[in-house]
Structures are given as structure tokens and as C-alpha cells.
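Fit chain P to the supplied structure of chain B, relying on the hints for placement.
Number of protein chains: 2
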Amino acid sequence: MRRFVADKVKNLINRTRTTCSSHTNVLQRITSSQFLSTLHPSDSMGSDYSSTPVTLNNVNPKVLKCEYAVRGEIVNIAQKLQQDLKENPGSHPFDEILYCNIGNPQSLAQQPITFFREVLALCDHPLILDKSETQGLFSADSIERAFQILDQIPGRATGAYSHSQGIKGLRDTIASGIEARDGFPADPNDIFLTDGASPAVHMMMQLLIGSENDGILCPIPQYPLYSASIALHGGTLVPYYLDEETGWGLEVSELLNQLKTAKSKGVNVRALVVINPGNPTGQVLAEANQREIVEFCKKEGLVLLADEVYQENVYVPEKQFHSFKKVARSMGFGEKDISLVSFQSVSKGFYGECGKRGGYMEVTGFSPEIREQIYKVASVNLCSNISGQILASLVMSPPKVGDESYESFAAEKEGILSSLARRAKTLEDAFNSLEGITCNKAEGAMYLFPCINLPGKAIKAAEEAKTAPDAFYAKRLLNATGIVVVPGSGFGQRPGTWHFRCTILPQEEKIPAIVSHLTEFHKQFMDEFRG
Amino acid sequence: MRRFVADKVKNLINRTRTTCSSHTNVLQRITSSQFLSTLHPSDSMGSDYSSTPVTLNNVNPKVLKCEYAVRGEIVNIAQKLQQDLKENPGSHPFDEILYCNIGNPQSLAQQPITFFREVLALCDHPLILDKSETQGLFSADSIERAFQILDQIPGRATGAYSHSQGIKGLRDTIASGIEARDGFPADPNDIFLTDGASPAVHMMMQLLIGSENDGILCPIPQYPLYSASIALHGGTLVPYYLDEETGWGLEVSELLNQLKTAKSKGVNVRALVVINPGNPTGQVLAEANQREIVEFCKKEGLVLLADEVYQENVYVPEKQFHSFKKVARSMGFGEKDISLVSFQSVSKGFYGECGKRGGYMEVTGFSPEIREQIYKVASVNLCSNISGQILASLVMSPPKVGDESYESFAAEKEGILSSLARRAKTLEDAFNSLEGITCNKAEGAMYLFPCINLPGKAIKAAEEAKTAPDAFYAKRLLNATGIVVVPGSGFGQRPGTWHFRCTILPQEEKIPAIVSHLTEFHKQFMDEFRG
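As you go down the protein sequences, you meet chains B and P in turn. Once you know that position 344 of the first sequence is 344 in full-length UniProt numbering, the rest is easy, because the numbers rise by one and skip nothing. Once you know that position 124 of the second sequence is 124 in full-length UniProt numbering, the rest is easy, because the numbers rise by one and skip nothing.
Some hints here could point you the wrong way.
The list cannot tell twin chains apart, which means a pair is met if one copy fits it or any two copies do.
[Unchecked claim] No more than 20 Å apart at the CA atoms, straight line, and that leaves these computed lysine to any residue pairs for SDA-like: (1) LYS131 with ILE143; (2) LYS86 with HIS163; (3) LYS80 with PRO188; (4) LYS336 with ASN58.
Derived from the structure by calculation, the hints contain no laboratory data. A quick note: this is a predicted structure, and the numbers were derived from the prediction, not measured.
With the rest of the complex left out, here is chain B (with noise of 0.2 Å):
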């Protein structure tokens, strides 16, 4: 029964995708299964729900398309052997589980920043700020900055719907922040505020996609957020390929040549996707590299969807981040030269405030009569969570020399970067020690995305076990070790080739232990399917 659903299931799925090729070529698609595994036997008896009135041959077909990897199979099996080590302690060659999937810091014991907490708990009880027992709790600039931000809320009411685009004081202050970021002008009116990033990345799927006519060209690997979205609004996944011998190298020569190919396809490219610094690849793009995709778009009339969500995560001291704003303004494009989207979020940075669910979008070179389009459809949702945007104001505006709070911010967030730089290197230098693993430096970002050269016995024993190859490692992995990484097919890679991401946020004192467990499976990975 249960084999009989999930045939049933791809079966819907293939059927799906017939008109869209170039998107499902390229995406090494882990098949709808996984979706069912953590289904009871009993619960897959779908007969008994034979009078309910949707069944997966009525349901949207764009919603059985759509694949979400980084909370997929191997995050279920995760959960249950977490369950199962709480129920049966000692049950499983491991004692806990390491979500190494996703880019969840204080899951894994990151603490949040102090001044940021401080001044979320008055903003959220305002009643306290007149105390005198506050006085001792807070610092005193936590206290300031609380009242400004409640004055700049109409009538001081944090438990009110905003404006659709956010407050617009807050909005005041993160316009400064990309300002004095990018030594260019930020207007407020340009941002949207969000319930974190993906939210916008939907919103502007929406308005872009008409139908599958309309293609996205977004990097491989990607993070799939991106397949997702534009799996649910119906269009076309157009996919250029980062550049692993280069270091994810992203060449404008592969933009044109995906660009002509969807062309002669009748695909209509709308956009480009850059995630920079890259997910789940770690690349932070050289200045040079940027203007020339600039450039491409202004030339091909595509819009730049810019994921700078990390850009506070940047570990080497060769590079830097730039923002495409400010480098399309350098290059003297202006407001009505290029169309830009570039989004933000709490949850990533050294902060990691995942759960806040805050972040925003700067919207700039659209006529008034679109920008009129993405507001309206901002304001169906009303607005996002006020507590997010009081998060992305302060992280865009962090306490400042002199502040009571700077010296301990300073070294909150000193001691989380330099941390994270150390764990990256750590797990890379870990994964190039590996017979057949090679992974690039962690420029930026939280991942590594090491490539691995499965033996010719392994991919047999996957395709036999009807399983990508590095979904099969993967789960060897988990059921090894307890470590959760995400198979590079739900990133998408270049065929025949293996990788999986894994996080570098498990606490500093872990990694040894890690790495020494991943050693010892690999090495017996290796050694039971070596050719």
C-alpha cells in the first residue's frame, strides 16, 4: 500500500513536470518518498480517508512539485532517532543528535546577543520601562534605545498592525544603516520589512512569475528556497552552475550561455538569482565579479534578486562583502538603470535570530506603478511581526562606541564571528583529509559543501536501496554518528557528481568529536564499498 502511494505520488509528480525540463534536469530530484517516510504504516492506508474530498490527484499539482531538502527525509529520520535515544538512552551508537542541516544557531546552543534581547523584552513590555528594578536589570542604552523606538511607533503600540512596508521609523534607521554601509543613499520607501527573507523571495516570485513561461535563472547549487518558490508559482527554474574548480566560481560566460539556451527554449528570463556570500556554497564574490553581472543584467533587462543574508558572515580576511546596490551605484547605475532587489535577515549574521523571524527588502528600480503591485500584495498579510522589525532595525543599527553596551556587544560578537571562522576551518581542513573528499574554504556564510567521490559499489547500493547516492551517504552518516547533513541533491549539483552541506555551527567544544567520528564512518564507508 504504502509502495503503492509513493509511485502514485511520483507518478503526479512526473506528470507535473513534463512542461517545465530545464528545471528538473538539473535538480537531482529526491524523490516524493521522503515526504512519506515518517507516515505510521496504519496512517498510509489511505482508504480510510476514501470520503475525504483531497486526495493527491485533486491537490495543487505546483504544491506536489515543490521540494524542500534542508527540512526533508533526513531531518525525519533525525527526529526520530532523537525520540528514540530520549525513550531507549544507548539504543544507537551515538548519544545525540547534531543538526548540522540548517543554519540554525542558538538550536545549537549559540546565545543571543544581550543589548538585542534587552531591548526586544521592553519593547515587548513597555509598563516596565519607568521602574526603578529595571534600572538594575538593563543597560541603561537598552532602556534609551526602547523608548526611541516606542516614539517612533504610532502611538507607542507594538501590539498593532504597521504600515504594510514596516514602521516607517524603523525603516528610517535601516535605510542609515545600508547608507553607512554602502556610502550611498538608502530610501526608507524602499524597504520592505518581512517575516524573515522568505517571505519577500515569494513575494517577488509572485510578481514575476505569469505563468511557466516565465523563468528564474538561479545558481546550482542553490539554496532551495529558491526551486521551491518558483516551483509554487508555476515557473521555470533556469539554472546556471557555479564553478566548484574555481572555488564556486561564478562565471558571466555561463549566465549567457543558460540565458540563450532558456531563450531557444521560449522561456521568457525575468531574473537572476545571486546568493552572495553563496548557500550553500560559502563564496564571497569579488568587487570585479559583481560589476560584470551587474552589467549582464542591465544588459540582458533582468531583474538582480541579491540574497545578502550573510553578509555579516565573512570569515577570510581577503575578501569583503559588497552589497550590489553599492556596487551598481559605483558603477554609476542609478534608480531607473537597474531594477534590484537585495534581501536581508535577523536570522543569519553572528546574531542568528532565526526564530524572530524578521528581515527585509530594499526595493529599488521599479517604476511607481509596480512598486504600487508589491505593495498591495505586501498589504494582503497586513504586515510582518513587530518584533522582527524592531530585531532587523537593530542589527542594521547596533550599539555604537561610547553606548554602555559596546564593549560586551563588541566582544559577543567578536567571540561568535572568530568562533565560526575557527569551526570552518577546522571542518574543512577535516573533509579534504577524507579519501575522496574534496570541499572549498567557507569564505562566508555557515556551510561547507564538500564533494564526494562515491565508490562505483555505493552508488549501486543506492540505486538499489532506490535512493540518491548522497542521500544513501548521508543517511549512512546519520544512522552512524547522529550528524544531519543535507545531500547535495536538494541543492542541486552537477550530474554525477555527490556533495551534502553541512553546517559550521555546532559549538566550538563539539567539533573534535565530530570530526572524529565523521573520520572513522567515512573510513568505514570507504572501506565497505572501495571498488
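Using the frame of chain B, we list chain P on its own:
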């Protein structure tokens, strides 16, 4: 130029409408020119943006079609007037703007519930939980509750992404709250926590709508989130009219007629939306009526989408809220007999925490394979904001008799609800005393939806001003009094009838002035246009 742009949008919208006649016949749409009304004349010179790639001709036509009047033209005018009043006090015949357009209680000075905010602040900054000063600032039970909640969160990490359905422990609390409310079991695995109810509605529409042939039965008048979401997902709104004569009664015969009509046009009707208590109409359904509705959905194979966000807003002793799940279960329909989704939000109730963007949907009666699809869509956005999740658990599990906060909590709750009931009654009576206006009772929710019998001369004047007659009235009202209401055409209404939606939320001490300004304006309006 501006006129030209407006006409262009209108033509484009009309072009996209041709396939969707049952939808467009119903909603007397505010023309899209409303979305252009905030532009400065110079901004409308589209030619400056002639080299940017996104235009009204190539933007997603579904986006053009979508409308959301609650934040439409009237609100834009109001915001300008407010700015004007700030810069030039005395420049208008009123000294403040009274926003009666949106259910946003805290924007009109309603204070948050103290206990809820105490718990949120403590969860935001758990470092203070053990400090002695905290005892002096926070109630003992808020401290205890914060500890409980933190214990439910893996790693006590309020800054981490949670499970995509929300934190399991909080879902347990919510399920218990539902059980206590209904007297029937609730399963925490059926709960999907969301950033307010709106994303939950979108998620269900996304699941159900694959093409324009998929139809959703919606009440007319309706809350325009539904028409907007259906438009964005490319489906067909199948209207059913509420009967104004019987207090906005919901007749199953009307449902059946509209279902038949839709089927005869080839529309595959997937679901029925019921808003109870009603928005914008304020009626509370009788249990017998709800049973008929459940029967109808069961018999016709429709998903019942129950918008129950106003469940705690009932103002008349003769009516009581019953959840559709309770009604279905009390009829003997179990999990596998009927597909039912209940939407709940922290934005409404007596707490009105709109800015926190918390809410959930309880999803019952879907097969495991469909449930997995819903989970997958939820996982693409990772999770809803944790503060909103915590708040959703608090509203479903408030302080109990014996808790330190209970008395003050109960007093705050009773104070808000009884005041809302008085305001509803005063405004209802005021509307009914005006020439040509009839207004049903607000049994629940936060709105009155009076019917205005507009004189022929006013309708003609509106036509000349190229605006809907109810929008004409609402604009005149705003310009004369500063009172912001939403024209009925934004919600849909029987052709030839005219209404507006007015919230009952302004502070109680302001109600007498509002009534007198309304009365004076209405008399002058009728004197000007009376036949």
C-alpha cells in the same frame, strides 16, 4: 499621463478577468486607480523607468487582479490627511484621523493584556528570570509560565527556528485549550502555527487551487483576504450571498444554488469558506445552522474552511460561539468523515495583538499524504515567529482562578469586552437613526456593516467622479470628519446595494463625538443629494 496609466491597469485587469466571470460579477471592484492615487504626479511619468524590465504588461496578471480594500485608496488619503494635520494643524475640519477601517485595537489605544506581555518579555530575555529585581517587576505566575514555556522549547532557544508546525509543547497547550473549549479531543499534530491567520489561509488556497477551474465558495460580503488569496492563486471565487434581511443569515439553499451554478459553468468547487463570527457582517451563527453547513460540506465533498478568529468576540447574551469542529464531532462526524480547517489568530479576541502575528490552523480530516504536502509547504518558510507562537499558546491557556494574575487578567478582559459591546450598540443605534441607513446588530467580531440607501443624485455624482457610490460616500465622510471606513464594494455586496464597514474599536470616550460628526455629515450629505 496619470489617467493613461490608470486606464492601462484597468484594461490589463479586464483582460485577466475574462476567464473568471463568476468572481468578477460579484465584487463591485474598486478600480485599480486606487493603487495609483498615492503617486506624486512626477512619479507617474512612467517613461523615466522605460529601461527597467518589469512593466504592467509583463507583471504576473494574477497580482494585477488581486485587490485588498482594507488598506486601499481611502487609507492612503487618510495617511496624507494625517501628515497634513501634523504639518498644518487646523487645515481640516477635524484634528485627528479616526481609523475605523481595520480591526487593529491597539492602534486605537487599547492596552495589551499585562500577563501576556510579561510572559513575552521574559521569554525574550530569559537571563533576567533568576534575578531578584524580576520578582518586583513581574507577577509570580508570569515568571512560572515563562519557565514552563522555555522548558517546552528545545534548548530553551527562543531565537531558533522551530519545528515547521511550531514548537511541540506549545501545540500541546493549544490542543488542550481547544479540548477545554469544545469538549472533544484535539491533536497537537493537527496544529500548524502561523504568522497570523492570513498565511494559513494562503497555505490552504495554495493546496486547493491548481487552476482557474478550482472554485472556492465564499460569503458575500466577505473579508477581502479571501478574494485576494483566491486571485493570487489563480482560482475562482464562487459567491454565496448572506441574507441581510435576516441579520446576514447563511442559507444552505443559497449555498446549493451557487454550487449548482458554478458546476454548470465547469467550476470544480473545492471548499466552503465560513467566517463565524462574521467579518464584515458581525453575525454569530446558530448551532443548528452550523449543523446544516457541516452536512452540506459532507454531502458535497467540500473542505470546510472555518475562519473562527473572532471566537472570543461575542457581544449578545443570546448567542454563543461554537467551533465547527465541535459541531461536526457532536454530529458524530470523526476525523475521517469531514475535511475541516479552523483558523485562529492572536490579532483578534479581547487581546487584539495584531502586531505579534501569531495564529494557527487546526487541520483535520486530511489523509496522511495530503497532510505531508501541507507540512512541506509550511516547511519552505521554516516556521512562524516564536513570540507569536508563545502568544497563541497563551490565548488558548490564559491565567486560571487562583493564579496571581487571574483577577487583574479577568478584569482587563471583561473591561475590554464589555466596552466593545457598549460601543457596538451605540454605533449600531446611531447608524439606524440616520436617514436611509439600516444596520444589523454586531453580535460578534469587531465591525458594523450598515446599508446606505444612496440618493440617485449621489450615485450620479459618484459616476461622474469615476468612483463607486459607496467609495464616494466614504471619501466625503473622511474629508469632512476624519473618520476612515471601508466602502462595501471592497467586501462585495448585492448589486445595487451600498454599504461600508466601520469598526467598533475607537476609544469609548470618543464614540459620542464620532456619532455626532457622523450624524452631522450624513445630514449634510443627504441634504446635498436628496432627490
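We went through each hint and held it up to the structure:
no.: 1; hint: LYS131 with ILE143; verdict: both (11 Å within a copy, 17 Å between copies)
no.: 2; hint: LYS86 with HIS163; verdict: between (46 Å within a copy, 18 Å between copies)
no.: 3; hint: LYS80 with PRO188; verdict: between (46 Å within a copy, 17 Å between copies)
no.: 4; hint: LYS336 with ASN58; verdict: between (44 Å within a copy, 18 Å between copies)
Comparing the model with each numbered hint stated earlier shows that all of them hold.
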